[in-house]
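Asks: Read off the chains here:
Protein chains: 2
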Amino acid sequence: MLIVAERINSSRKSISEAIKAKDADFIRNEAKAQAGAGAQYIDVNAGSFVGQEAEYLCWLVDVVQGATDLPLCLDSPDPAAIGAALKKVKKPCLVNSITMEKQRLEGMLPLVKQYQTRIVVLCQSDKGMANTVAEKFDIARQMADILTKEGVAAGDIFIDPLIYPIATDTKSAVAALGAIREITMKLPEVHTICGLTNVSYGLPVRKLVNRTFLVAAMAHGLDSAIIDPTDRELMAGLVAAEAILDRDRFCAGYITAYRQGKLA
Amino acid sequence: MLIVAERINSSRKSISEAIKAKDADFIRNEAKAQAGAGAQYIDVNAGSFVGQEAEYLCWLVDVVQGATDLPLCLDSPDPAAIGAALKKVKKPCLVNSITMEKQRLEGMLPLVKQYQTRIVVLCQSDKGMANTVAEKFDIARQMADILTKEGVAAGDIFIDPLIYPIATDTKSAVAALGAIREITMKLPEVHTICGLTNVSYGLPVRKLVNRTFLVAAMAHGLDSAIIDPTDRELMAGLVAAEAILDRDRFCAGYITAYRQGKLA
Chain W
36 MLIVAERINS SRKSISEAIK AKDADFIRNE AKAQAGAGAQ YIDVNAGSFV GQEAEYLCWL
96 VDVVQGATDL PLCLDSPDPA AIGAALKKVK KPCLVNSITM EKQRLEGMLP LVKQYQTRIV
156 VLCQSDKGMA NTVAEKFDIA RQMADILTKE GVAAGDIFID PLIYPIATDT KSAVAALGAI
216 REITMKLPEV HTICGLTNVS YGLPVRKLVN RTFLVAAMAH GLDSAIIDPT DRELMAGLVA
276 AEAILDRDRF CAGYITAYRQ GKLA
Chain V
36 MLIVAERINS SRKSISEAIK AKDADFIRNE AKAQAGAGAQ YIDVNAGSFV GQEAEYLCWL
96 VDVVQGATDL PLCLDSPDPA AIGAALKKVK KPCLVNSITM EKQRLEGMLP LVKQYQTRIV
156 VLCQSDKGMA NTVAEKFDIA RQMADILTKE GVAAGDIFID PLIYPIATDT KSAVAALGAI
216 REITMKLPEV HTICGLTNVS YGLPVRKLVN RTFLVAAMAH GLDSAIIDPT DRELMAGLVA
276 AEAILDRDRF CAGYITAYRQ GKLA
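Residue numbers (the working numbering), protein chains in the order written: chain W, 36 to 299; chain V, 36 to 299.
Hints were generated in silico from the structure; no laboratory data involved.
Quantities reported herein were computed from a predicted structural model and do not represent experimental measurements.
Watch out, some of these pointers could steer you wrong.
The list treats identical chains as one, so a pair stands whether inside a single copy or across any two.
As the list claims (entries may be wrong) - List of simulated lysine-lysine pairs, BS3-like, C-alpha gap at most 25 Å: (1) Lys297 <-> Lys206; (2) Lys148 <-> Lys123; (3) Lys162 <-> Lys221; (4) Lys184 <-> Lys206; (5) Lys67 <-> Lys162; (6) Lys297 <-> Lys242; (7) Lys57 <-> Lys206; (8) Lys122 <-> Lys48; (9) Lys55 <-> Lys206; (10) Lys221 <-> Lys206.
Excised from the complex, chain W in its bound form:
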């Protein structure tokens, strides 16, 4: 499972305050904690700073690159912010995200090509966000087509089917799971990815819903996730799911996690 660590996101109050105060130590500790907990990419997001997003995103890139050797996931819908941050990035990175919306596609694609980044694709077009399995898969297929024709390797494409709260539409998670399955089976070279927090919005004990959804999504083929790797129960479920789904040879990862005290 490819783990993109989500904590350095300005929508979280503590991160927003650390960014405002230019508290590099706080950000470095967040980066190191997530790296130590099993992250493979560190997501950086300064989206709550309208007008200063590019400046703060660049600062985050510098600080996080000083704290860990892990590659970054640059998290912004704005090509200007992504473009500025890409100039500072030292390793091949993941860009989160592009959509099939004409303006966003035209703004982001040149950067993806120039910097040869990996790219998260949201199942969203000028018609809006995709709701059904068919709509989600249709955008996934079209975007895989567009991107590979532009020279992006299929293995560098991460499709996010979009997850909505089950509290407002109880069919929404089933649609996302169905799309993950379709993409996994019909576009096997492309990755699937998602965040978890939306699914539980409006419900109590949200982490229980999030980690249950993660296991269900992995059972449908999800191979990457934008999550908090410092959430021990979430990670224990992930490790167990890898073993169950035959993605953990000899259950060696499971046994190792147990010996490291990560499953108790």
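Once you have looked at the hints, place chain V on chain W.
Replies: Just chain V, lined up with the frame of chain W:
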């Protein structure tokens, strides 16, 4: 989700001792605890008492029927023990289990028909236990055919794909999940059921593996399970999975479980 409560099983030491000592209070308390925790059937098993299984199974039936109004799941491979217990059963019950093995089929089927029981079918024939998705589905299809031709309603058939330890074969859970999916899609009137404890045999922190497998199996269509409903973490995951999989209208079951303090 149909929950068959598994605790009153003579393979557990405390149960075996209670049966030997004819400690009816102990058994009654187990039955009541499981009923209170959300069971829909109470499984009774006296299989470890070779030569006395029928006698002890009948005793368990009497004791449990005195403790709860829930229907029973009579758990034995032996038609003689099942036949004796069925004479004492007051409500339509579930019999666990029949297989496609000629002798077991011929021994159990007349009882199923005479008492109009619901029946658990293990994916096992005279060729042995089914290992692959194709083998498991093949037995499921044949047994559904045999049983419905004999007058058993499809909705009274519960197919158990057989779960083996992932510690000895990491592909075994994937095969079971695939079979659950095939049966759910191609034999939609038939139920799927399984126990969870085998999957984690030989691994540490077994309950983590069991509850993760349950969520994965539900995501593939599993609609019934033989489990310990007093395991709070297992049940919390089950309730969350129901909500995610659109089996819990308005998430009402999830909210209720939360208000009852079952999710914390």
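Asks: In ascending order, which of the hints set out earlier in this document are inconsistent with the structure?
Replies: 4, 5, 7, 8, 9
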